Amino acid sequence: MPKKHPDLLPGTLEMLVLRVLQGGALHGYAMARWIQQASDEVLQVEEGSLYPALHRMEKRGWLQAEWGLSESNRRAKYYRLTRTGRARFKTQEAQWEGYTTAIGRVLSADPEGAQ
Amino acid sequence: MTSARWTWTLTQSVAVEADIREEIEAHLDAAVADRIAAGMDPERARREALARFGDVERIVGACRTVKLEEHIMLQRALLALVAILSIAVVVQAYQLNASQARMNEALAEVRNDFAAAAERIETALLFVEVPNNPPAPREELQEPPAEDDSFIGSGEAPAEHPSGIDWDSSQVPEVRIEVVSELAARGASAVPSLLVAAQDPDVLVRLAAVEALAEVGNLRACRVLDQLEYKDPEPLVRRAAEGAAARIRERTTLERETLEEGADFIIWEPKLSAAARFQALQDLHAIGDPSVSTLIEFAGDADVFVRTSAVRMLGELAHPDAKAVLVELSKLDPQAIVREEAEEALLRYDD
Numbered sequence: 060m061p062k063k064h065p066d067l068l069p070g071t072l073e074m075l076v077l078r079v080l081q082g083g084a085l086h087g088y089a090m091a092r093w094i095q096q097a098s099d100e101v102l103q104v105e106e107g108s109l110y111p112a113l114h115r116m117e118k119r120g121w122l123q124a125e126w127g128l129s130e131s132n133r134r135a136k137y138y139r140l141t142r143t144g145r146a147r148f149k150t151q152e153a154q155w156e157g158y159t160t161a162i163g164r165v166l167s168a169d170p171e172g173a174q
Numbered sequence: 050m051t052s053a054r055w056t057w058t059l060t061q062s063v064a065v066e067a068d069i070r071e072e073i074e075a076h077l078d079a080a081v082a083d084r085i086a087a088g089m090d091p092e093r094a095r096r097e098a099l100a101r102f103g104d105v106e107r108i109v110g111a112c113r114t115v116k117l118e119e120h121i122m123l124q125r126a127l128l129a130l131v132a133i134l135s136i137a138v139v140v141q142a143y144q145l146n147a148s149q150a151r152m153n154e155a156l157a158e159v160r161n162d163f164a165a166a167a168e169r170i171e172t173a174l175l176f177v178e179v180p181n182n183p184p185a186p187r188e189e190l191q192e193p194p195a196e197d198d199s200f201i202g203s204g205e206a207p208a209e210h211p212s213g214i215d216w217d218s219s220q221v222p223e224v225r226i227e228v229v230s231e232l233a234a235r236g237a238s239a240v241p242s243l244l245v246a247a248q249d250p251d252v253l254v255r256l257a258a259v260e261a262l263a264e265v266g267n268l269r270a271c272r273v274l275d276q277l278e279y280k281d282p283e284p285l286v287r288r289a290a291e292g293a294a295a296r297i298r299e300r301t302t303l304e305r306e307t308l309e310e311g312a313d314f315i316i317w318e319p320k321l322s323a324a325a326r327f328q329a330l331q332d333l334h335a336i337g338d339p340s341v342s343t344l345i346e347f348a349g350d351a352d353v354f355v356r357t358s359a360v361r362m363l364g365e366l367a368h369p370d371a372k373a374v375l376v377e378l379s380k381l382d383p384q385a386i387v388r389e390e391a392e393e394a395l396l397r398y399d400d
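In the order they appear, the protein sequences are chains A and B. The first sequence begins at 60 in our numbering and counts up one residue at a time. The second sequence begins at 50 in our numbering and counts up one residue at a time.
Bear in mind the hints are in silico, worked out from the structure with no lab data behind them. Be aware that a few hints might be false.
Partial selection, computed: residues in chain B whose CB lies under 8 Å from chain A [unchecked claim]:
no.	residue
1	84
2	102
3	106
Stretch by stretch, here's where chain B covers chain A in the computed footprint (C-beta under 8 Å, at least three residues) [claimed, not checked]:
no.	segment
4	75-88
5	107-120
6	129-137
Computed from a predicted structure; not experimentally measured. Beta carbons are placed, not taken as given, at the ideal position from N, Cα and C, and that holds for glycine.
Could you put together the complete structure from these sequences and hints?
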């Protein structure tokens, strides 16, 4: 029986974070919720694993973090995209599209032609 | 790493961890709040939020590693550096220790060499009985008695002898024999007195003196003993004189060889003082019949007193091999005293 919530492919979490932050600064919990809702509850990241990825991306200069107040008036750390982060997203998005297109072509091709 | 650096790293590490925990706590609070708002009881909401988040401590550790990666790497590099430096210090200390040990060995070797050299000189000098008083001038040296009939029994002792014992021929023979024993015990300084005793009218006194001379006599004593060998009326004394002269010559040859070996060392050992070289020269003179070649080497010594003394001795010998050296010294030596001594020595060749 297939898993209800499949694991993310390696490297895709960073791409999803870059995508979600296109709309503006968010804290970690909001990002996790957005990914889950946008994928119709299919992609459910292990929320904890989001934080080492966020800190790594901040260190690479793709994100910039600062403390702010959440909607419930609580201190939370907000992340926003830098210029480098935006450029990185475009590159990753193009690579992903190329990858999925190639996979789609293979899946729709007639196996008889390989004989 | 300095203590300030350690303090900074520790402070930084604590601040980073506090920041991570606060961020995670905010996340969990929001997750719990959402679940409670959806109608879940708080306890279950907290449990589910934690389950969805994963192992908090593992996540905190992973975040800390990302944040402090450079510091951790730097710490490891510094620890490695400290370890390498410690090993280098230990190796250096070991090498220093080994080098010091080698230096000590070399020093000990030098000390041993020096001690051996000193022992060699002492051994050489021990063969010579150094008189308490300086050697008498050549004119005052004991000359063999004239070859006449009054040779035996005509000797007269000097009033005050270097031996410190007056020879009184008026004493009874037994007393004179006792005096000969005492003289023999005094060594080389008693030779002049023993030479007088060897011409005593009493045959037993002469015999005792000859035996004593065999023990302590020098080459000058041999000249007297040679005459006794042919002229003494008693065959017993003649044989004793012959044996004594032979013993002295044998012993003196050995002494001279040893001393000359020591003299070579002294001449070619520049670290020895001029006083030591002068003393060695005096010892050669004390033996009598020193080698001309050794005296010529001493005549070229850097010290003016050693040269003067050597020139005087060469003059006494008047050996043909030394003439050229004396001529050269009489003209070229920088010191007037040496030149004058050489000129006087050359006069002996004309005699």
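Going down the list of hints, with the structure as the test:
Contact between residue 84 of chain B and chain A, as hinted, is not supported at the beta carbon level, the nearest pair being about 12 Å apart and thus beyond 8 Å. Taken as an interface hint, residue 102 of chain B checks out: its beta carbon lies about 5 Å from the nearest beta carbon of chain A, inside 8 Å. Taking 8 Å as the C-beta cut-off, the interface hint given for residue 106 of chain B is violated, the closest approach to chain A being about 10 Å. Coverage of the segment 75-88 of chain A by chain B holds [criterion: at least 3 residues with CB-CB distance below 8 Å; count 3].
Remark: the segment 107-120 of chain A is confirmed as covered by chain B, as 7 of its residues place a Cβ nearer than 8 Å to a Cβ of that chain, reaching the required three. Residues of the segment 129-137 of chain A with a Cβ under 8 Å from some Cβ of chain B number 6, which satisfies the need for three, so the listed coverage holds.
Violated hints, listed in ascending order, are 1 and 3; each of the other numbered hints is respected by the structure.
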